[in-house]
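Visitor: Chains as they are written, first to last, in the working numbering: chain A, 4 to 237; chain B, 4 to 237; chain C, 2 to 239; chain D, 2 to 239; chain E, 120 to 370.
Treat the hints with care, since some could be wrong.
[To be verified] Computed footprint of chain A on chain E, listed as stretches where at least three residues anywhere in the stretch have a Cβ under 8 Å from a Cβ of chain A:
no., stretch
1, 171-181
2, 275-283
3, 294-306
[What the hints assert, rightly or not] Below 25 Å or equal to it, Euclidean Cα-Cα: the simulated DMTMM-like pairs (lysine to aspartate or glutamate) are:
no., chain 1, residue 1, chain 2, residue 2
4, D, Lys151, A, Asp9
5, D, Lys234, C, Asp192
6, C, Lys230, D, Glu73
7, E, Lys234, E, Asp260
8, D, Lys234, C, Asp108
9, A, Lys141, D, Glu216
10, A, Lys141, D, Glu73
11, A, Lys141, D, Glu228
12, E, Lys306, A, Asp135
13, A, Lys141, D, Glu32
14, A, Lys141, D, Glu109
15, D, Lys234, C, Glu173
Simulated from the structure, these hints should not be mistaken for lab results.
No residue lacks a Cβ here, since even glycine has one placed at the ideal position from N, Cα and C.
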Amino acid sequence: MSDIFDGLAAAFWLLVTLEPNLVEISLRSLQVSLTALAVACAIALPLGTWLAVQRFRYRRVTIATLNALMGLPPVVVGLIVYILFSRSGPFGVLGLLFTPTAMIIAQVVIITPLIASITHQAMRDLWAEYHDLLISLKTTKVQRVRTLIWDGRRTLLTAALAGFGRAIGEVGAIMIVGGNIDHATRVLTTAIALETGKGDFALALGLGFVLIALALMVSLITHWLSQTEREGRW
Amino acid sequence: MSDIFDGLAAAFWLLVTLEPNLVEISLRSLQVSLTALAVACAIALPLGTWLAVQRFRYRRVTIATLNALMGLPPVVVGLIVYILFSRSGPFGVLGLLFTPTAMIIAQVVIITPLIASITHQAMRDLWAEYHDLLISLKTTKVQRVRTLIWDGRRTLLTAALAGFGRAIGEVGAIMIVGGNIDHATRVLTTAIALETGKGDFALALGLGFVLIALALMVSLITHWLSQTEREGRW
Amino acid sequence: MVSPVLPLKVRGVSVRRGARHLLGPIDLTIEGTGLTMVLGPNGSGKTTLLKVMHGLERPSEGKISYGLARAEAERRQAYVFQTPIVLRRSVQQNLAYPLELIGRPRDEIRRRAGEWAERIGLGGALSSPATRLSGGEKQKLALARALIRKPELLFLDEPCANLDGRSTRAIEEMLLEARAAGTRIVMATHDIAQARRLATDAILLINGAVHETGEAPGFFDAPVTSETKSFLKGDIIL
Amino acid sequence: MVSPVLPLKVRGVSVRRGARHLLGPIDLTIEGTGLTMVLGPNGSGKTTLLKVMHGLERPSEGKISYGLARAEAERRQAYVFQTPIVLRRSVQQNLAYPLELIGRPRDEIRRRAGEWAERIGLGGALSSPATRLSGGEKQKLALARALIRKPELLFLDEPCANLDGRSTRAIEEMLLEARAAGTRIVMATHDIAQARRLATDAILLINGAVHETGEAPGFFDAPVTSETKSFLKGDIIL
Amino acid sequence: SASAETLKLAVTTSFNNSGLSDILLPQIKKDLDLDVQLLIVGTGQALRLGQAGDVDAVLVHSRAAEEAFLAAGYGTHRREIMYNDFVLIGPSGDPAGIAGSGSAVEALKKIAAAKVPFVSRGDDSGTNKKELSLWKKADMDSAAFGPWYRAVGAGMGASLNTASGMNAYIMSDRASWLKFGNKGDLKLLYSGDPILFNQYAFIPVNPKLHPQVKTADVARLEDWLTSPKAEKLINDYEINGEKLFVFNAKR
Ligand SMILES: Nc1ncnc2c1ncn2[C@@H]1O[C@H](COP(=O)(O)OP(=O)(O)OP(=O)(O)O)[C@@H](O)[C@H]1O
Ligand SMILES: Nc1ncnc2c1ncn2[C@@H]1O[C@H](COP(=O)(O)OP(=O)(O)OP(=O)(O)O)[C@@H](O)[C@H]1O
Ligand SMILES: [Mg+2]
Ligand SMILES: [Mg+2]
Chain A
4 MSDIFDGLAA
14 AFWLLVTLEP
24 NLVEISLRSL
34 QVSLTALAVA
44 CAIALPLGTW
54 LAVQRFRYRR
64 VTIATLNALM
74 GLPPVVVGLI
84 VYILFSRSGP
94 FGVLGLLFTP
104 TAMIIAQVVI
114 ITPLIASITH
124 QAMRDLWAEY
134 HDLLISLKTT
144 KVQRVRTLIW
154 DGRRTLLTAA
164 LAGFGRAIGE
174 VGAIMIVGGN
184 IDHATRVLTT
194 AIALETGKGD
204 FALALGLGFV
214 LIALALMVSL
224 ITHWLSQTER
234 EGRW
Chain B
4 MSDIFDGLAA
14 AFWLLVTLEP
24 NLVEISLRSL
34 QVSLTALAVA
44 CAIALPLGTW
54 LAVQRFRYRR
64 VTIATLNALM
74 GLPPVVVGLI
84 VYILFSRSGP
94 FGVLGLLFTP
104 TAMIIAQVVI
114 ITPLIASITH
124 QAMRDLWAEY
134 HDLLISLKTT
144 KVQRVRTLIW
154 DGRRTLLTAA
164 LAGFGRAIGE
174 VGAIMIVGGN
184 IDHATRVLTT
194 AIALETGKGD
204 FALALGLGFV
214 LIALALMVSL
224 ITHWLSQTER
234 EGRW
Chain C
2 MVSPVLPLKV
12 RGVSVRRGAR
22 HLLGPIDLTI
32 EGTGLTMVLG
42 PNGSGKTTLL
52 KVMHGLERPS
62 EGKISYGLAR
72 AEAERRQAYV
82 FQTPIVLRRS
92 VQQNLAYPLE
102 LIGRPRDEIR
112 RRAGEWAERI
122 GLGGALSSPA
132 TRLSGGEKQK
142 LALARALIRK
152 PELLFLDEPC
162 ANLDGRSTRA
172 IEEMLLEARA
182 AGTRIVMATH
192 DIAQARRLAT
202 DAILLINGAV
212 HETGEAPGFF
222 DAPVTSETKS
232 FLKGDIIL
Chain D
2 MVSPVLPLKV
12 RGVSVRRGAR
22 HLLGPIDLTI
32 EGTGLTMVLG
42 PNGSGKTTLL
52 KVMHGLERPS
62 EGKISYGLAR
72 AEAERRQAYV
82 FQTPIVLRRS
92 VQQNLAYPLE
102 LIGRPRDEIR
112 RRAGEWAERI
122 GLGGALSSPA
132 TRLSGGEKQK
142 LALARALIRK
152 PELLFLDEPC
162 ANLDGRSTRA
172 IEEMLLEARA
182 AGTRIVMATH
192 DIAQARRLAT
202 DAILLINGAV
212 HETGEAPGFF
222 DAPVTSETKS
232 FLKGDIIL
Chain E
120 SASAETLKLA
130 VTTSFNNSGL
140 SDILLPQIKK
150 DLDLDVQLLI
160 VGTGQALRLG
170 QAGDVDAVLV
180 HSRAAEEAFL
190 AAGYGTHRRE
200 IMYNDFVLIG
210 PSGDPAGIAG
220 SGSAVEALKK
230 IAAAKVPFVS
240 RGDDSGTNKK
250 ELSLWKKADM
260 DSAAFGPWYR
270 AVGAGMGASL
280 NTASGMNAYI
290 MSDRASWLKF
300 GNKGDLKLLY
310 SGDPILFNQY
320 AFIPVNPKLH
330 PQVKTADVAR
340 LEDWLTSPKA
350 EKLINDYEIN
360 GEKLFVFNAK
370 R
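Given the sequences, and given the hints that come with them, work out the whole structure.
Guide: Here you go:
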């Protein structure tokens with residue numbers, strides 16, 4: 004129990020002294036997760052919206068599959084990315100293994116189905132509302148997707164934050180493809196795993212609280228920014 | 004690259020021969036994740052819906068916090084649960100550490116904010132639609148929440164499946180609180196992590212594919228069941 | 002037989018949203034029996050006034066009070082919205098919902114829902130999803146759902162806007178019947194002929210303010226202001 | 002000056018949803034200039050017919066054809082829905098939207114959106130969120146948004162249901178103007194007086210089937226069947 | 120550090136846990152201008168990384184696996200660097216009474232006889248293989264043990280955490296134990312049998328299979344690791360006053 008208070012104390016001191024190592028790995032965590040989020044959103048928002056808009060033969064199965072992919076085990080994603088980018092793998096020549104880029108790729112794979120699934124769900128109701136109008140106005144597929152994403156942007160916040168949360172807290176995949184190399188690919192979660200392995204719970208918890216504080220900050224800023232312009236119903 | 008095909012082959016053989024060990028850990032994975040899902044839904048669906056329905060002073064901050072908690076790092080959750088349930092912890096006497104129950108508790112903590120956040124987002128639009136009517140009919144808070152959950156049940160599918168996906172693919176927390184003990188707390192993800200550590204990538208991938216197949220099965224069954232009764236708009 | 006919910010008193014009520022002044026200040030009393038018709042051009046604040054009186058919108062200033070404590074008073078009211086709100090359920094379940102909320106027995110609910118469905122011509126559509134009904138059918142459903150709890154004070158926001166002649170007539174009969182059974186009605190409409198047929202007294206709103214009020218025959222046949230005159234002829238200038 | 006979109010031919014069209022037969026079989030031709038009024042009791046299939054003609058709903062049987070290839074023909078049409086659909090944007094952006102879709106220049110869009118907002122009396126509400134407008138304001142907005150692309154074939158589903166007398170008159174003027182400029186109109190309404198004022202020809206739907214059609218003065222003044230007679234008087238028996 | 124050459128070395132958790140790397144790496148950086156990036160993984164995974172050419176060399180402690188690795192041609196040669204030892208940890212009350220046993224095998228036999236909880240890494244790591252070989256020496260089949268024998272399938276740190284949580288016996292390398300922060304009621308109960316010695320070896324990855332491997336830098340690193348300077352640093356490294364490693368590279 005006292006470990007938890009030690010952890011809070013550790014988090015406090017890490018933050019107060021702005022321990023340079025902490026700053027480095029926190030920034031790397033943010034950089035990796037935010038980049039992965041941006042890439043994943045660029046794929047998942049249009050994809051999820053398109054799935055809400057388009058009827059086709061195997062639509063239900065496709066959606067069920069996308070939903071199932073939210074359960075992609077990070078370790079397996081890590082392994083597959085590792086195998087693909089390993090020296091002896093097909094993309095080995097790129098030399099991306101054990102770099103932040105590889106970590107971003109793994110995270111994109113992990114969070115894209117999550118963001119796309121939530122997006123699909125959020126866009127379904129809006130599409131039901133807009134359906135007749137957009138069909139009547141002879142919009143193209145791309146215009147429909149664009150209109151829905153734009154008008155539903157505040158609803159998509161949750162999708163994006165879910166993706167970010169999953170990315171910033173994830174450890175299984177980035178441990179494998181990033182390698183947790185000090186000063187190169189170490190991020191908050193891999194550092195936490197390392198300290199846990201050493202039995203240094205106070206430090207591990209301290210880093211964990213820093214991570215949670217970071218996630219909270221991102222969430223609050225996002226909510227605050229998206230609230231500045233206040234049209235819509237609520 | 005060949006590892007991936009070996010992995011597929013391994014998955015195939017594991018499934019064809021119904022390797023008893025595989026059956027055991029798969030069932031345990033399902034049991035732990037589905038129980039965690041049930042408990043988390045029992046908390047998160049009413050909570051998320053209530054947040055959509057209720058206006059109060061710190062509502063926005065509460066929602067932003069809930070959204071941020073989707074980023075709870077599993078390792079940290081695992082650590083905290085470990086500390087609370089360890090012999091010297093406050094709940095040590097229960098002797099729950101290294102049992103499936105502890106794993107369920109950790110997973111509930113991890114997936115509840117995710118399910119609640121998605122629920123809140125999904126229920127916001129429905130509440131906007133029902134708001135005037137339910138207020139006018141003088142419904143109690145509980146009746147509002149119940150009505151929204153019931154009428155929005157198909158929208159909540161995504162929330163539940165996201166929670167399930169997160170639970171079944173999670174490894175960081177259950178490794179710590181479950182201990183990956185053979186024939187006691189080993190589940191698919193911890194087995195995958197183990198085989199990865201051993202360098203047996205084919206077996207690790209094989210288990211991973213089995214896990215994905217399981218998630219797919221659950222998703223398809225859920226979609227199929229929820230489609231049987233087809234009212235609503237779509 | 003005046004309902005104890007009355008009198009409904011509106012005292013110095015204004016509604017502002019953001020920088021816009023939508024309504025007021027308004028002083029009004031709804032009492033006795035009868036049907037008060039709220040008239041006015043589009044955007045004049047009819048819906049806002051009805052919602053404020055029903056307790057759905059909070060006034061920025063002023064006070065609403067009833068003959069009973071607020072909670073009890075609100076329980077005895079019902080409201081039919083301008084755009085019908087139907088639950089994503091079957092017609093039967095939509096009708097049953099208000100009764101379920103107050104815990105009526107199952108077979109009573111079934112019986113009354115069935116009766117009302119018949120009355121609005123949806124007896125054959127009991128198990129259809131209500132969201133798929135036609136515009137007019139939805140409006141009739143919403144009205145029946147409001148009447149099923151036998152409200153003592155009923156707010157109607159253009160309940161016949163999408164109805165055909167016969168349905169309109171049927172609804173008007175239902176309203177007269179409800180009135181006879183003791184329901185006090187406050188209603189907004191754009192159909193001046195309907196207003197004449199039903200109103201016992203009328204209020205004309207212009208730009209959020211009460212422009213003229215009066216007892217029914219006088220208001221329609223000998224309005225005081227020239228604006229009221231031209232509004233009733235269908236060509237008010239804002 | 003007949004639009005090349007015409008003639009719109011409806012041939013043997015039926016609509017079924019699940020076990021329900023909603024419409025048809027229907028044979029119709031919309032051609033020339035003018036305004037065809039679709040009449041009928043609630044649930045008789047007016048909305049369904051309009052949507053099928055516009056290509057929004059697919060007929061279960063039969064065919065719809067235009068004077069032009071379908072894609073081109075659909076581009077020259079517009080539709081105003083019974084329940085107005087407004088985008089979750091400002092009034093200005095709602096009006097601009099159809100023009101943005103076809104890539105008109107920015108300042109033209111701004112100018113035309115401004116003009117139309119003035120015409121429907123929402124010139125002062127350009128930047129208000131459209132979802133907060135009153136019922137009648139939404140309906141006017143939806144109509145302006147449909148007219149802004151100068152459609153050659155226009156479907157209107159009870160466009161004046163929530164409008165006050167003056168707005169109704171203003172809208173009717175706009176429709177006459179559009180007609181004069183070459184827009185062919187097909188419209189559903191429950192307001193028989195309005196139907197008389199506007200229609201060049203009329204269709205009476207009962208239970209999803211065409212009961213009677215005819216040129217305007219004759220249809221209203223000397224209907225053939227007794228059902229049509231009583232419908233026009235407001236008391237059809239289904 | 121931007122200008123320095125980098126080199127990737129896969130090491131096992133136990134080596135990293137010892138903290139020795141924090142002493143050696145900065146010195147290597149200074150002497151060779153070489154940034155050694157450590158990948159801390161299980162023995163099996165370390166060898167897989169070498170086999171795939173994703174690291175330039177490996178530093179592990181599992182003789183049989185290392186020889187198989189060499190036999191398959193994945194490495195050029197095996198250079199022994201140093202050893203430390205394994206120790207037996209258990210509850211401070213020592214319910215099985217293993218303290219003061221005559222040998223490691225005898226200690227394990229006592230544990231088995233008492234059927235007290237024992238945590239095994241169960242992950243095929245060097246440590247795990249050593250433990251299994253000891254059971255074999257004691258003529259016992261670890262696969263047939265009852266539920267007191269817990270194969271947890273995890274790294275050293277995680278296994279220690281589990282043992283601490285269950286108050287169980289466990290075999291650990293000395294370094295990981297000394298550095299471990301969550302000891303709880305656990306205590307070092309037995310050590311010293313030479314059979315428990317734990318040899319670390321350095322294996323460069325075969326550049327014939329993986330031309331991108333930085334052979335020259337690997338050779339410089341190997342030279343440094345076997346140099347008198349490294350010898351002194353390794354032999355002098357202590358935690359809480361206890362010596363951890365014995366340098367034994369042949370020059
Ligand atoms: N939340 C709001 N914020 C800003 N303006 C609002 C809001 N709600 C309503 N309005 C405006 O207030 C005015 C009155 O609206 P209200 O709905 O009461 O009109 P109404 O008389 O019912 O009109 P109609 O006959 O068209 O239904 C309208 O101009 C509307 O645009
Ligand atoms: N998808 C559907 N499934 C089943 N029934 C439907 C569906 N859509 C419409 N209906 C039914 O078809 C009938 C015709 O509907 P429609 O909306 O065309 O009527 P309408 O003539 O426009 O009526 P109103 O005057 O009330 O607007 C209605 O009874 C309606 O309940
Ligand atoms: Mg209104
Ligand atoms: Mg209709």
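Visitor: Would the hint linking Lys230 of chain C and Glu73 of chain D be met if the CA-CA limit is 25 Å?
Guide: The hint is violated at about 48 Å.
Visitor: For the pair supplied as a hint, Lys141 of chain A and Glu73 of chain D, is the alpha-carbon distance within the 25 Å limit?
Guide: Measuring from Cα to Cα gives roughly 10 Å; hence the hint holds.
Visitor: Count residues of the stretch 294-306 of chain E with a Cβ under 8 Å from any Cβ of chain A, then say if the count reaches three.
Guide: holds (count 5)
Visitor: Going straight from one Cα to the other, do Lys141 of chain A and Glu216 of chain D come out at no more than 25 Å?
Guide: Measuring from Cα to Cα gives roughly 32 Å; hence the hint is violated.
Visitor: Lys234 of chain D and Glu173 of chain C were given as a pair; does the straight-line alpha-carbon distance stay at or below 25 Å?
Guide: Distance ~16 Å between Lys234 of chain D and Glu173 of chain C Cα, so the pair holds.
Visitor: Mind taking a look at whether chain A covers the stretch 275-283 of chain E? Criterion is 3 or more residues with CB to CB distance under 8 Å.
Guide: This one holds; 6 residues, not fewer than the three required, reach chain A with a Cβ under 8 Å.
Visitor: Regarding the pair Lys151 of chain D and Asp9 of chain A, is the alpha-carbon distance no greater than 25 Å?
Guide: Roughly 71 Å separates the two Cα atoms, so the pair is violated.
Visitor: Has the given pair, Lys234 of chain E with Asp260 of chain E, been kept, meaning a C-alpha gap of at most 25 Å?
Guide: holds (14 Å)
Visitor: Straight-line Cα separation of Lys141 of chain A and Glu228 of chain D no greater than 25 Å?
Guide: Distance ~38 Å between Lys141 of chain A and Glu228 of chain D Cα, so the pair is violated.
Visitor: Just to be careful, I want the Cα atoms of Lys234 of chain D and Asp192 of chain C compared with a cutoff of 25 Å; is the pair within it?
Guide: At roughly 16 Å apart (the allowed maximum being 25 Å), Asp192 of chain C and Lys234 of chain D satisfy the hint.
Visitor: Taken at face value, is the distance from the CA of Glu32 of chain D to the CA of Lys141 of chain A at most 25 Å?
Guide: holds (22 Å)
Visitor: Check whether three or more residues of the stretch 171-181 of chain E sit with their beta carbon closer than 8 Å to a beta carbon of chain A.
Guide: holds (count 3)
In the structure shown, a violation is registered for the earlier hints numbered 4, 6, 8, 9, 11 and 12, in ascending order.
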